[in-house]
Structure formats: structure tokens, C-alpha cells
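**Q** Below are the chains, spelled out letter by letter.
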Amino acid sequence: MEKKMGVYICTGCGIGDAIDIEPIKDLVDEEFNISICKEHPFLCSPEGVELIKQDIDNEGVNTIIICACSPRVNQDVFFFGPDKIVERVNLREHVAWSQEPKDEDTQMLAEDYVRMGCSKAKDMELPEPFKAEQEYSKDILVVGGGLAGMTAALEVAKAGYKAIIVEKEDSLGGFLKKMKKRVAPPYEDLYDTGLEELVKQVNDNPNIKVYTSAVVEKTSGAPGLFSVQIKTNGSVAEEKVGAIIQATGWVPYDPKRLESLGYGKFKDVITNVELEQMASNGGIKRPSDGQSPKNVLFIQCAGQRDSEHLPYCSSVCCLVTLKQAAYIKEQDPEAVCYVLFKDMRTVGQAEEFYKKSQLAGNIFIRGTITQIGEEGGKLFIEAEDEFLGEKIRLEELDLVVLATGMVPSSQPEETPKMKAPEGAEDADEEGMIEVPPDSGFYAKPALNLEYRQGPELPTLRYGFPDSHFICFPYETRRTGIYTAGCIRRPMETARVIDDATGAAMKAIQCVEMTEKGMAVHPRSGDLSYPEVNLQRCTQCKRCTEECPFGAINEDEKANPLFNPTRCRRCGTCMGACPERVISFKNYSVVMIGNMINVINVPEEEEEKPRILVFVCENDAYPAIDMAGIKRYKWSPYVRFIPLRCLGSLNLVWIADALSRGIDGILLLGCRHGDDYQCHFIKGSELATVRLSKISETLERLALESERVRFEEVGISDYWRIPQIIEDFMNTIEEVGPNPYKGF
Amino acid sequence: MEATNQNILVVGGGMSGVTAALEAAEAGYNVILVEKRPYLGGKVTQFYHYFPKLCPPNCGLEINFKRMKQNPRIRFFTMAEPVKISGKEGDYDVTIKISPRYVTEKCTCCGKCEEVCETEIDNPFDFGLSKIKAIYLPHEFAFPMRYVMDPSIVGTEEAKKCQQACPYGAIDLDMKEQVFDIKAGAIIWAAGWEPYEANKIEYYGFGEYKNLITNVMMERLAAPNGPTDGKILRPSDNKEVKKIAFVQCAGSRDENHLPYCSGVCCLASLKQALYVREKNPESEVTIFYIDIRALDRYEDFFTKVKQDEKINFIRSKIATITEEENTGDLIVEGEDTHKGEQIRMKFDMVVLATGLVPNTINIEAPDVPKDKFGFILRDDVVKGIYGAGCVRRPTDVATSVQDATAAAIKAIQSISRR
Amino acid sequence: MISWNNNALRDVLKEVDYAEEIYKCIQCGMCAGSCPLRHHMDYPPRKIFALLRTGNIDLVLNSKSIFLCTSCYSCIVRCPRGIHVMDIMHGLAHYAIKMGKISRKNTATFGQEFWKQIYKRGRVDEKDLSRRYFFSDGIVQGIKNALSMADMGIIMLLHGRMKLLPEKPIKGIKQLRIMLDKAEQESRR
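Chains as they are written, first to last, in our numbering: chain G, 1 to 743; chain D, 744 to 1161; chain U, 1162 to 1350.
Bound-form chain G, shown alone (with noise of 0.2 Å):
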């Protein structure tokens, strides 16, 4: 594109007052050549856009820089169509509202800001949106086809999509057909599975094919061009899909685990499982003797929340218990439940049923068990009750039910090792490690994925793929791969059933997203994508390794083999690129890169350092906009360069600007470690990874440590942005000005 370059500076909200215009006008036109720049009182308004229209019309100006508010405000009234280039320079929250008024410092940063946005705006190209070679497809995979599956398998059709269920066992159903009865909203009855009409609409369902017996055994590609081999009954089906929804469920946790709790020492202990099998196939009996049970205790909790078990809660149990000590009175109404607990956890409107199990004359002992026994062929055990505060002994009990807790069915059951990286510490005697559970090598094999990060979906804690974030529960670090049901999280039906009809939502936005080109979330909507120079490419697999989403393969030579519908991007491939080959047509190492170097470095003897921040656009930039609107002052001496996420530092920028002689480096960004905000994951935790490794650098420049800092700030820490600067500037003035000032 040939750019017409355009700058309009608002004098509005105060910008007219604490700056002068007339210079500006003259740098961008002296040092960049653009002929075109003018000043308006009020640019928002109609009148202003329309200034900015009529250049457009007229002088044919595709490029616009706009001086003016942040770019986080206004967007839709500086948008000029999708063939434009708008660049917002942030005169107000940033130069206006936060430093003195009429000051040489403040038009200095004025001035700066301007020469960095005139600088990005032309090295910006037009995204141009990614269309693969292939043809996309539309169609969503789910594997599984239990509850979950069938459900995602069935609102995907009805919103007019093919889905594709791959089922390892021989019949659809998964744990429902287990199952006798399901609890579920109003939580005032117990009410029928609904299996067989979930399964007679998903085979009537002329947009749902589904494979029994069948497994995946390989997938390749990436979202909208997925390949995927479905191994079943001896033979290979081969199926194009746009995305994925894992939905394979969970497994009861190992009863033999449990022997304190007598299962396996007495027939008459079972599980909440084989009670639950046995109410679905002709009643519940005592294993020993046949018998209807008469007493019944069940025991909550059986390993859920143990550290030595399963140290999480497996929510449901507590309304399984329910739902089934309602079994036991209906078969026989004279019956007993005791029913020991920890916590009764029955949340929402599940209040009600507790209720209604109370009021059914079952007796709920708050406690701890101490023994288990059996006396003359029946079982009886002693707790401390919590409630009455003293030791109990129940006899007399016919059946003891154990209320197991789930495991998804992507945890291992042994922790799989891979080879140890030279010098690994933890590394056994044959230099094996353990593969840690946020590594794609770490899952049972499900979606056997033909990626470079591993064949499965990163898991988080107790081998669940859940997403750690709360605003977006979805999100997955594979992109276009969607999890549901309680492979995801515990979760009894009702919540399976919601669960799963979001990640349809979820599968069918990524395909159309990727057919348009689209990035999908956090970047929802972004057009860019990276593109590399392999022949600067060096095979050193930062990229590949470091890309939190795992969208980078390898050729058997260690070249980075791009899928650009799995990116994100985040740019962590860019920031990770030692030989600086990849760039975005809209950002790239060069483009940040220049805006540093117009920046203008005073000599020493003027004593105006000059501070460069690197800031998270998504966290740490809108914070820094909200202290400009509580007017907070901090020094004129920093630039802020927004990034897309920390993770796409560049450690050259840092060796460039310092060789410039700039004084100092803040990096601004999100929390990482386990608790982590950053949206991409692990961009802000690469960054400082990175930063370690910048000391080699100082080194050879033979400059102080002190010089570059990382500091964690949250989106609503705008109070601690003036104190974090002020510190940083302090140690700035003990370390002293950059000795390259002038080279």
C-alpha cells in the first residue's frame, strides 16, 4: 500500500494546554515528511472527524495518526474503514493529564510520542487475513460420547453444523447408561436419565455422525484444517473438521485405594458406582447375601478432599448420596440411610433436595470415620460425631457406600517421564524426569495430536484441561480444542449439559472466525498472523518450544512450521526470536524497534534521562491510562511502548536502546507463576525468563543490572504506577546516566 500519512492533534481535554502545537507540526513534517498535519479543539466531534474525512476523500489519506485521547477510547469514531491505518499516539491520559502543563520535560514527551506513533504508522502494513491453501472445514469433532459429547454433538447441529462423535465404546451413553436416575434443576424429584432419547436424536440427526468402538489416532493440522485418522473396528476413517471438543469424561477414582474404608475387606462395602449399576440393573442387594439392605450408611468424601487421595472435592458426590439413599426408600420404604459427612455441599437450589432427603428420615451424621467392621455378616462403624460431639457406633448396617469421587479421564495413571534436559536436577538414573501436567506430553492419549508440544491438552492440577481462567472458562492452550463436561471439572449433570452446549458455542466461533482469518480469543478478531524468513532461520526451536499454544510444528530439519489458525497472536514467537525472522505485518522486532530510536536521547549534561517501559497492552497499559484519569504525576522521562504481551520482548530492543543510551528498562506485566493473569499464559512469564538472560548483554555492554526491571502490575494497580516509576527512577539516578549517551 502506498501510505498518505495524515496527523491530527486534538488541543481538547486540556492537551492545548499543556502543550505546544506548533512544534510538533513542525517535527512531523521535518522529520518524517508528512505534509499533512493539522490540530482541531475537539477531533471527536463530528466536525473533527469530519476534518480528518475530507483529507481522506481529498488528499487521499490512508494512514492517520491521531494525536489525541487513548487508544483504549474512541475507537469506533476513529475508524475509517478496514483499508486505513489509524495509529493513536496518547497525548492525553499519557503527556496531558499526567504531567505539568506548559513544562519543556512535557513537550519533550509530547514530542516523542508523536515521532514513535509517525514511526509505527509507517511501518505498519495492512494485515492481510490468513486463507490457507486447503479448504476449511466447518465440522466439529467430539470425542466422546457420553452426556457431554452427545450434548455439544447435538447443539452444534441444531445451529445448522456437522459434528463428528468418536465413541471408544460400542454404544453412545458413556456413565448415563449406568445410570438410573439423574438429579437435576428444580432439584424437587429425581428424574429419568433421558439416554435413550438423547441417543435416538443424535442418530436421527442427519447433521451428527457417529463412530463406536472407535478411537482417535491421529490429528493434524489446526483449527479449520484439522485431519483426523478414527481407528474403528479394524479399519482407518479419515475426517476433515474445524475444531475439536474433548468430552471424554472422568472415571471413578480406585476403590482399592480405599481399603481403611473397607472396601475390599468386606463384600457388603461398595461404591457409590456399583450402588448406582446395581439400581439400574433389577435393585439394589446386599453382594454378601442377596439381601435388600435395610441400613444403609454412606460414607461422603471416600478419598475426595485428601491430600493423600484426591485433594480436591468431587462436587457431586454429595447429591449422588442423595439421589441414591432415595433409591435405597423407594425400593424399600422402611429402610435406613445414614448418610457421614464432611461438608453437606449441596449448593444453589440442590439446597432443596437436601431438604427433601432430610425430611425422607435420613440421618445425616456430620464426622469422621475411626473403624469399620464386621460383626455377625454385618457391618458396623465407629465415628466421632461432630454434632453430638462424642465417639458412635452404628451397627447393624447392611451396606456401607463408599461416595467416590471422579478423576478425569486425562489423568495418567502413573506420571509418564521424558527424557531430562542436560543438568536437570530431578532427573532419575536413567536421565528420566517426570513430564509436568502443564506439558501436552503429561494427558492419557485422547486427540493423539500431531503437534511439537505434545500429543494432548496441557492439563492444570489433578490432570483436568481446565482453563485457569475464571472470565474465560473455555480457553484451552490448544486453539480450536474445547474441553467439556467433567474432563473439565467435576460436575453432576445439569452442569454437563450447560457445559457442554457452551463449548459447542465455542467450536463454532472458532471456525467462522478461522474462515474469516480470524484470530479468536484473547486477539478475537485480529487479522495479523506471523510470517518468518526461513532462510535467516537458525533452527534454534525457541519459537516452537516457547509458543504458549503449541501452533509452531518442526520439519525433520528443526525449521518452525507455521499453522496460523492455532496462533494467537501473541507475538511470544517474535519476542523469542533471537535472528528477529518473524514479524506481523503490523508489528514486528523492526517497527518497535525504530520507534525506540526516535526517541529523542538528551545528551548528559542536560540530566534528563530517558526511562523505556514495556507495557502489557491488555493489563498493564489500561492501568496506566486509569492513573491519568485520577491525574496521578509521574516523570516526564518515561516512553511507554505498548506490546501485545510481554511475551513478544525482544531482547534486542533492550540492547538497542541501551546502546542509544537509554537510562533504563521497566517492563510492565502480568502476574504469572500459578495463580497467572496473563492471557496468553506464559507470555509474561517468558518475559522474565528472558530478562534473566539479559545480564550476558549487560555484561558486554558493561552496564549495571540495575538498569532493566520487571514489575508485576495488575489492571486495577494504577495507584502503584507513579511509585513504581518513582523507584525506578531513583535507582536510575544512584546507577547514573547511560555512558553510551551521545555514541
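Don't read these hints as lab results, they were simulated from the structure.
By construction, the Cβ of each residue, glycine as well, lies at the ideal position given by its N, Cα and C atoms.
Treat the hints loosely; a few may be bogus.
[To be verified] In silico DSS-like links for lysine-lysine, alpha-carbon gap of 25 Å or less: (1) D:Lys827 / D:Lys809; (2) D:Lys974 / G:Lys356; (3) D:Lys812 / G:Lys630; (4) D:Lys974 / G:Lys630; (5) D:Lys812 / G:Lys516; (6) G:Lys265 / G:Lys285; (7) G:Lys294 / U:Lys1259; (8) U:Lys1175 / G:Lys294; (9) D:Lys1115 / G:Lys630; (10) D:Lys809 / G:Lys630.
[Claimed, not checked] Computed footprint of chain G on chain D, listed as stretches where at least three residues anywhere in the stretch have a Cβ under 8 Å from a Cβ of chain G: (11) 882-891; (12) 1039-1053; (13) 1115-1125.
Chain G is fixed; fit chains D and U onto it per the hints.
**A** Chains D and U in isolation, oriented as in the chain G frame:
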């Protein structure tokens, strides 16, 4: 207003409504969103942190607003609510009412009006814990970022003063309530929830004792943009809170109030206990509970909070709260059902963990199945109007988002069936 | 060690009104917490219910708690499960007397506990019609009447006719105390 039954109408611009709107729009559908408040984001905008990550709600909202700003398929109206719905799946007529904001799109948020305005009103954003000018930006992160004038000053000299102070002619004192009709093929009701009114629990004395607050008020005390700049100080004398109690099930699981469990209050109190411990390291926290309900992986959060020795858990439904004369301290009484002892303990401040009441469909509208508490049920019989989030069950943010995502595809199906 | 005896509860369920509601109890402690006589109870009501569920009837019928109830209604009004705590307590007291577990004489002392509470907390709800009936001759006479009946088991006589809201001391509690003192002096004459 364009007449088309291809629109999805989303009622409520909180976390659930915004999510539902975005999910549908990004899949290529047109969405109209109406929000009663002057800004989007809903209740969570008032919260300091989410459990269990202790991260700020604005972080996710910022991403969502960014998605919204660049998506032309979503149109939204603030200070707007539906007053009537008629029709059936695929073809609804909805009457929307927009209350006057008295500030137009021309507002740049320069703040000049606020500078000259002298009248102060109770700040709704801080649940009345602070005052705000009668022309105000609801909060720093308000989206859309635009001022709003309180109707109480309209027609006064004060209002004219504000109008004159505005350099951009953005104040329109003649603005009137607008009522108009739109067409929609499907409706997502995501109107959220209100905290249970604590003064209905007579034996606690909420409203009488200054240092007795609710859990939502606690969020404001902890928030850096709150009435105390994020310091946890007690309202009566701004003293730093050293001894604090959380009273769980304040109204919830109670047939006299809300028979259902509100689902999130345990986790909210665990989280708020951490706020107090973090901000006032000398403090001691006591949580009075019946059952701690930390489902699934939230159990980890409970485990983490339990590890803090200064956070005590006492199993008791608190029976009475009284105020000590002179000190303003609160005396809490009840039975410790674990020890079987009567307790009488004194605290600087007491937080009532009040529950969630659904903002259910309360206007003239086609019948939608609800449970006896007003929570909207989703079944396959009645289609076209779908609940999302806390109008379906009292629940946390992640579940609301999942649910809203599910509601979006339901709405899409209602449209594509036609 | 407490052992279970399921069958023992059957008679209680038959004899005591609302007894089936004990199953609804979630053991929150609200009943005792709001009871003015909580400090005098050996077992709080919720524990009485827990014991009943175990079928250990004797422990319950020998508990003095069941005779303490002054019918202030606080527990009923506040029980989150809507259990008729007060009625069950009265029912159990009746049943205990019927079963010969306790003599009527012993119940008299409990009546005095009640007045101690009024003295301390000082609240009688004037809106309560039945209370007005009781005090129809004026408050001093009413108190005298009540005290004179203490020997006959005041608790049961007061059942349903009086409301005591203990949560807040009334304004002018001093004056009430003077009145009560006077009433007591008179009753001792």
C-alpha cells in the same frame, strides 16, 4: 430502529450478558444489548478480586470491552431496560426504555462539569459508603467512558452550571426518557442478581450498626478505587480492622429468607478473609459457617485459606449481633456446634455473607419456566427466551460465563431455525 | 460412645407434635444461640434433635433443657429450616412427665430462670395479643400472676402466650427492673 428478527437481544450487560453478546457476535450474529446501569460490566466491576486467583475483574472485562469495541455486530444501550416482550421464538417485539443520562456522546470525560458541581449524592457504586458529585463518571473503568448526571439536580441551577462548564456541549438537560420497539429472534435474559437485603434479617441489626457490613460492601472497602482507597477500615471511626467476623448464610439456606444456598458466599468470604489478612497483617479473622461449600478445585482455595492460622473457622449460625456502646464494637453470639459451647465474641467489624437474589423476568413477557425461587429454568420445551448466569442459579463468574456461552448458541439456534 | 437405636424413636414421633421435623435440622445452632436460657441448658435444642435421631430417648427425656423453654418463639422464628423447635421441646417435656422421667415440682425452678432473663434483657413484646391477655391486669399484676404460677410449671402455662425478643435490651430497662423488683418483693410477702 431496524426491524429484523435476526437480532439476538441480550438483557443485562454484566459478565453473563457481555459474554453472551460477544460469543454470538463473534460467530457472526447481530446482537442488541441493553443494560440498566450507565455502564457495562455489571456487579463484578465493583469487586476487588475474584476467587480463587485473587485477580481483578477489570482484567477480563477489558478484553471483553476490547472485543466489543471492534465488533460492529454488537450494538448496546446503557441506562436501558426492556419493559415489555411479546411474540414467540424467532419473532419477538420488545419495548425498550432508555432513561435520560443528560450527557451525550460528545462527552470526552474531561471532568470540567464535575469540578463545578457542588451537590453530592450517595455513591451507588460504593453501596452508599461514599459520596459522589451529582454529575459523575461511575467509575474509572466505566465503559462507555462517559459521565452521567443524577436526575436529582436536573432542573436546578447546579445542572445549568455543569452544562455551562462543559467545553464540548455534551450536557443536554432536555433529554427525555425514550421508549422504542425492536424486533428480535431470540432473547437472552442475563439480568444478574441483587444482594439479599440484609436488613430483612432483623436479629442482625444491619442498618443500625455502622460496623456491620455486607460482603458486597466489603468488596468496595478492599478495592483501591473504593471509599477507603482499598484500606480495610471500619465505617464508624475509620479504625484499621483488627478483629473481623464473617457470618455465613446471612439469609441463605434459610426458609425465612432464601431457602436455597447462594453458592458463592463461602468462597467470597474465604477470599475476603485473605483481603483482610493481606491488608492488615495484624488482623484476625473468624468465619462462622454451617458447611463450607468449596466445590471441585475450589477446595484448593479453602485448603490454602485454612493454612493461615489467623483465620479461624467456627461452626455456628450466628444468632445475634449487638453493638457495644461507646466503642462501636460488635458482639456476636451463637452456639459453637463443634464444641457445643455458647459463644459471645467481640469484633471490630462484622461482615454478613448475604446471598444472591435473581433479577428474574419481571415484566410482561411470554411465559418462561422458573423454579419456585424465580430462577429461570432451561428446558427444551420453551424456546426463544433463555436465562444466563445468576438468573439461572446463584453461581460464580466462571460458571456464569460458561452458561452465557451456552445461552448464546441456544439463541443462535432460535434464529437459524427460522 | 453413643449407639444407635432406630426403633426407640417411634413413640416419640407419635407422641410429640412436629417431632418428625427433627430430621430437617442442619445443626446450625441458631436455636440455642437465640434462646434466652441457653446458658442453663445441658443440651442445646439442636443436640436434643441429634440425640433423638440416634434413638437415645432417655438421654433426651432426662435433659433439663426440654423443660427450660419459656415460649419466647425466638427459635421458631429464626430456625432456618422452619422447625417448630419450641413445640417439640414442649412436647418432649410433656412426654417426659408422662413417662415419669421428672416430677412437676422440679420444673418450678425453671420458671424463675425465665424471670431472671427478663430482668437482664428486659424485653416483652407489647404487640403480642396473648401476652396482653396474660398481663391484662397490668404489668405488675401480670408478673405476680406469672410468678405465682411458677410452682405449677410456668413454662408450660406460658406456652404460646408470651413473646420475648431477647436480641435488644429495651429502652428504659432500668424502669422495668424497678418494676420487676417491686413485683418480686410483693410476691414474697
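**Q** Straight-line Cα separation of Lys294 (chain G) and Lys1259 (chain U) no greater than 25 Å?
**A** 32 Å, violated
**Q** For Lys809 (chain D) and Lys630 (chain G), compute the direct alpha-carbon distance and say whether it is at most 25 Å.
**A** Given that 25 Å is the threshold and the Cα spacing comes to 21 Å, the pair holds.
**Q** For a C-alpha distance cap of 25 Å, please report whether Lys1175 (chain U) and Lys294 (chain G) respect it.
**A** 22 Å, holds
**Q** Going straight from one Cα to the other, do Lys265 (chain G) and Lys285 (chain G) come out at no more than 25 Å?
**A** 18 Å, holds
**Q** Between the alpha carbons of Lys812 (chain D) and Lys516 (chain G), is the straight-line distance 25 Å or under?
**A** 19 Å, holds
**Q** Next pair to validate is Lys974 (chain D) with Lys630 (chain G); report whether the Cα-Cα distance is within 25 Å.
**A** 18 Å, holds
**Q** Need the status of pair Lys827 (chain D), Lys809 (chain D): alpha-carbon distance at most 25 Å?
**A** 31 Å, violated
**Q** Mind checking the alpha carbons of Lys812 (chain D) and Lys630 (chain G) for me, to see if they're no more than 25 Å apart?
**A** Answer holds: Lys812 (chain D) to Lys630 (chain G) is near 23 Å, not above 25 Å.
**Q** Is it true that the CA of Lys1115 (chain D) sits at most 25 Å from the CA of Lys630 (chain G)?
**A** 46 Å, violated
**Q** Do at least three Cβ atoms from the stretch 1039-1053 of chain D come closer than 8 Å to Cβ atoms of chain G?
**A** holds (count 6)
**Q** Are the Cα atoms of Lys974 (chain D) and Lys356 (chain G) separated by 25 Å or less?
**A** 44 Å, violated
**Q** Three or more residues of the stretch 1115-1125 of chain D near chain G by CB distance under 8 Å?
**A** holds (count 5)
Violated hints for the displayed structure, listed by number in ascending order: 1, 2, 7 and 9.
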